[in-house]
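These protein sequence lines map, in sequence, to chains A and B. Here numbering that gives the first Met the number 0 is used: the first residue of the first sequence is 0, the next is one more, and so on. Here numbering that gives the first Met the number 0 is used: the first residue of the second sequence is 0, the next is one more, and so on.
The set of hints was computed from the structure by calculation and includes no laboratory data. Keep in mind the model is a prediction, meaning the values are calculated, not measured. Cβ coordinates follow ideal geometry from the N, Cα and C atoms, glycine included. Careful, some of the hints might be misleading.
[Claimed, not checked] Residues of chain A placed beyond 10 Å of chain B at every Cβ, according to the derived structure:
no.	residue
1	Leu-43
2	Gly-131
3	Ile-217
4	Gln-262
5	Glu-301
6	Asp-313
[Claimed, not checked] In silico lysine to aspartate or glutamate, DMTMM-like type, Cα no more than 25 Å apart, as pairs:
no.	chain 1	residue 1	chain 2	residue 2
7	B	Lys-153	A	Glu-230
8	B	Lys-153	A	Glu-30
9	B	Lys-153	A	Glu-47
10	A	Lys-153	B	Asp-202
11	A	Lys-220	B	Glu-30
[What the hints assert, rightly or not] Label-pair restraints from in silico Cβ distances:
no.	chain 1	residue 1	chain 2	residue 2	range
12	B	Gly-126	A	Ser-224	35 to 45 Å
13	B	Pro-324	A	Arg-105	31 to 41 Å
14	B	Glu-192	A	Asp-221	53 to 63 Å
15	B	Ser-48	A	Glu-192	37 to 47 Å
16	B	Met-278	A	Glu-152	55 to 65 Å
17	A	Tyr-208	B	Ala-26	21 to 31 Å
18	B	Leu-66	A	Asp-112	55 to 65 Å
19	A	Gly-136	B	Thr-331	29 to 39 Å
20	A	Leu-269	B	Ala-26	36 to 46 Å
21	A	Gly-334	B	Leu-66	51 to 61 Å
22	A	Lys-188	B	Val-164	58 to 68 Å
23	B	Glu-280	A	Glu-195	48 to 58 Å
The lines below spell out each chain.
Protein chains: 2
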Amino acid sequence: MPKDNSDKTISSIGRAGLIRHISGVSAYRSERVAYGIGDDAAVLHANESKYGLISSETLVEGVEFDLSFMPFHQVGAKAVTAGVSDIYAMNGQPHAVLINLGVPNRITRDMIDELYRGIGMACSDYGCQLSGGDLTGSHNAMIISVTAYGDVEKEKIIYNSGAKVDDAVCVTGDLGSALAGLKVLLREKRHWEESEDPVMQPDLTEWDYIVKRQLVPIARKDMISLFRQNEIRPTSMIDVSQGLLHDLQRVLTSSQKGAYLYQSALPIDLQTRKLADEMQEDVDKYALYGGEDFELLFTLPEKEAGKLAELSRDFSVIGKITGKPAQVEMQTAEGEVIVFGDETG
Amino acid sequence: MPKDNSDKTISSIGRAGLIRHISGVSAYRSERVAYGIGDDAAVLHANESKYGLISSETLVEGVEFDLSFMPFHQVGAKAVTAGVSDIYAMNGQPHAVLINLGVPNRITRDMIDELYRGIGMACSDYGCQLSGGDLTGSHNAMIISVTAYGDVEKEKIIYNSGAKVDDAVCVTGDLGSALAGLKVLLREKRHWEESEDPVMQPDLTEWDYIVKRQLVPIARKDMISLFRQNEIRPTSMIDVSQGLLHDLQRVLTSSQKGAYLYQSALPIDLQTRKLADEMQEDVDKYALYGGEDFELLFTLPEKEAGKLAELSRDFSVIGKITGKPAQVEMQTAEGEVIVFGDETG
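I would like the entire structure built from these sequences, with the hints used as guidance.
Put into structure tokens, the structure is as follows:
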């Protein structure tokens with residue numbers, strides 16, 4: 000690409016930049032749409048008591064998934080997880096999934112069978128019906144687009160814009176493990192490519208947890224149920240699909256707030272730490288920038304966070320909300336404070 | 000691909016074959032889904048009086064669109080048209096559109112601006128709000144996935160499956176012109192590639208209608224309004240996106256009926272005829288197999304078809320429904336009867 004053009008490429012404005020940009024381009028507003036661009040899912044007026052929620056994303060082979068180490072059924076299941084995770088992140092329940100495939104010639108019917116086996120299993124797990132989709136050709140890369148539909152009681156919807164000053168910043172599970180799993184898998188792929196032995200089978204048992212986090216992530220349906228059963232209502236919520244800093248920044252921008260994080264509070268699994276050590280990389284960067292964990296990032300009044308802590312140990316308070324718009328500060332173990340720029344581009 | 004594998008490729012089972020196949024794979028049924036796979040859109044229980052409708056499709060550069068002769072804003076508008084056409088085909092009104100893009104590096108921000116300009120214009124035309132979407136990378140081909148959401152009064156929904164024996168088979172507008180337009184554009188592209196003159200501008204004015212049908216097709220919102228205003232309710236309906244025979248076959252399979260067509264009644268524009276003559280091809284094949292016309296194919300009791308004929312001249316009765324399941328017979332001008340196999344694979 001010519002140099003004088005480089006400041007106009009998509010990567011230069013980034014994903015969130017583009018989203019802000021296109022929000023301005025299309026002016027038409029429908030009274031059936033309660034909330035359009037900017038949250039995990041589009042929010043529609045369904046009936047007096049409920050909103051409909053729709054989310055859609057496209058996964059491209061070689062960008063979002065690698066068929067050289069991901070079995071087809073896991074790719075299918077992961078696509079569904081990515082879709083429904085956005086519905087849970089609005090505190091909703093998914094009901095239907097549509098799958099579109101772009102299929103290159105080398106893909107056989109058996110492979111598609113396997114893909115749909117995974118889609119079907121994930122649909123059952125999340126209580127969704129596979130309800131449609133589309134099939135087209137593709138040149139080289141396989142393409143999977145997933146649309147998830149769900150709904151939520153109007154008074155229970157959680158936007159990413161509701162964070163309040165002094166709220167606790169919470170995250171379920173642990174962070175960076177899906178990225179760590181990907182790094183293990185890519186390392187083994189490289190070893191395999193470099194080896195003379197085409198049937199070499201890597202032993203990944205010592206990395207079982209992080210590999211599973213990459214290959215078979217699970218959307219946090221369980222945590223949404225816990226919130227409901229105990230009448231806990233986060234003030235804001237988003238799923239960690241792009242990475243903690245990126246997704247937190249979206250909450251902060253929407254809420255016009257800032258966040259103060261404690262580095263030592265970032266939940267990191269032991270295997271993730273071990274891998275970062277082997278790779279001689281900074282494990283906190285895995286936690287801050289790693290995507291695809293599909294954990295829930297949410298804010299709660301401190302008292303509510305205390306109540307939740309009595310019910311579940313599967314979440315961490317990693318900091319609190321401040322009044323400094325879009326600013327993320329992080330206190331290191333040494334007491335130093337790092338300030339991050341806007342990670343959403 | 001090895002020969003012993005060839006019977007397992009996707010092309011060997013076809014699009015509808017795959018749809019039938021996957022319907023069996025995923026067993027989970029949600030009570031929120033009124034009707035899943037098999038019609039233009041998925042049908043959801045929204046409230047007591049209305050169904051929600053969702054449709055999604057993926058368009059791949061070089062398969063569904065060609066950026067060498069399609070301006071970006073027309074690609075954007077056409078993607079929206081493809082999405083909302085499925086909502087109209089259920090007799091619904093579209094309200095929201097989600098767009099996912101897979102963008103290769105060569106695409107600049109200006110191009111994306113143009114794409115969204117077309118998306119925005121089409122959304123306004125159809126009364127839809129651009130309500131979300133996703134952005135990812137792509138290797139070579141640009142990928143556009145469009146999800147359309149709409150709704151329809153429960154008593155007004157029209158499925159594929161309602162055709163009755165002796166109903167008139169009707170189609171709006173004309174057939175095969177989008178394919179004819181594509182053939183003109185591909186011919187000019189070839190001329191341009193073979194010429195020594197890189198700035199050669201083809202004069203397409205004599206083909207203005209068919210080129211427009213390919214580049215800026217329009218979903219038949221107007222016909223849906225006419226039905227509503229005059230309380231005309233087709234017994235079955237589908238949009239002509241894959242080609243008349245293919246889409247008719249879907250209606251017949253769902254309805255467990257057959258059709259008897261009159262070849263001389265197929266509505267074909269003069270430019271389409273002229274192009275087929277120049278190409279020395281059979282224009283009826285354009286009408287029977289050409290996709291992307293986005294016209295509505297519907298069935299009506301004969302009396303209702305008469306009533307509609309008093310209100311609009313923009314549709315044709317091309318035959319009638321018979322009791323021979325999945326069989327399409329066509330009477331030629333010479334009185335011969337051709338029987339078509341199942342075109343849906």
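Status of the hints after comparison with the structure:
1. With 10 Å as the threshold on Cβ separation, the claim that A/Leu-43 sits away from chain B is violated: the shortest Cβ distance comes to roughly 6 Å.
2. Non-interface status of A/Gly-131 relative to chain B is broken: a Cβ of that chain comes within 10 Å, the nearest being about 4 Å off.
3. Non-interface call for A/Ile-217 relative to chain B: holds, since the shortest CB-CB distance, roughly 17 Å, exceeds 10 Å.
4. The Cβ of A/Gln-262 sits about 30 Å from the closest Cβ of chain B, beyond the 10 Å cut-off, so the non-interface label holds.
5. Consistency note on A/Glu-301: stated as away from chain B, and its beta-carbon is indeed over 10 Å from all of that chain's, at 32 Å minimum.
6. With a cut of 10 Å on Cβ distances, A/Asp-313 stays outside the contact zone with chain B, its closest approach being about 26 Å.
7. A hinted pair counts as satisfied when its Cα atoms are at most 25 Å apart, and B/Lys-153 with A/Glu-230 does not qualify at roughly 34 Å.
8. Straight-line distance between C-alpha atoms of B/Lys-153 and A/Glu-30 comes to about 20 Å, which keeps the hinted pair within the 25 Å bound.
9. Between the alpha carbons of B/Lys-153 and A/Glu-47 the distance comes to roughly 17 Å, so the proposed pair stays at or under 25 Å and holds.
10. With a C-alpha separation of about 56 Å, the suggested pairing of A/Lys-153 with B/Asp-202 is violated against the 25 Å cut-off.
11. Distance hint between A/Lys-220 and B/Glu-30 is fulfilled; the C-alpha atoms sit about 18 Å from each other, no more than 25 Å.
12. Hint check: B/Gly-126 to A/Ser-224, Cβ distance near 37 Å, so the stated range 35 to 45 Å holds.
13. A C-beta distance of roughly 36 Å is found between B/Pro-324 and A/Arg-105, which places it inside the suggested range of 31 to 41 Å.
14. In this structure the supplied range 53 to 63 Å holds for B/Glu-192 paired with A/Asp-221, their Cβ-Cβ distance being about 57 Å.
15. For B/Ser-48 and A/Glu-192, the hinted distance range of 37 to 47 Å is not satisfied, since their beta carbons lie about 59 Å from each other.
16. The given range of 55 to 65 Å is respected by B/Met-278 and A/Glu-152, whose C-beta atoms sit roughly 59 Å from each other.
17. At roughly 30 Å, the beta-carbon separation of A/Tyr-208 and B/Ala-26 lies within the given 21 to 31 Å, and the hint holds.
18. Range check, B/Leu-66 to A/Asp-112: Cβ separation about 34 Å, and the 55 to 65 Å hint is violated.
19. Checked against the hint of 29 to 39 Å, the C-beta distance between A/Gly-136 and B/Thr-331 comes to roughly 33 Å, which is consistent with it.
20. For A/Leu-269 paired with B/Ala-26, a C-beta distance near 38 Å keeps the hint of 36 to 46 Å intact.
21. Between A/Gly-334 and B/Leu-66 the Cβ separation comes to about 54 Å, which falls inside the hinted range of 51 to 61 Å.
22. At roughly 59 Å, the beta carbons of A/Lys-188 and B/Val-164 sit within the given window of 58 to 68 Å.
23. In this structure, B/Glu-280 and A/Glu-195 meet the distance hint of 48 to 58 Å, their C-beta atoms being roughly 55 Å apart.
Violated hints for the displayed structure, listed by number in ascending order: 1, 2, 7, 10, 15, 18.
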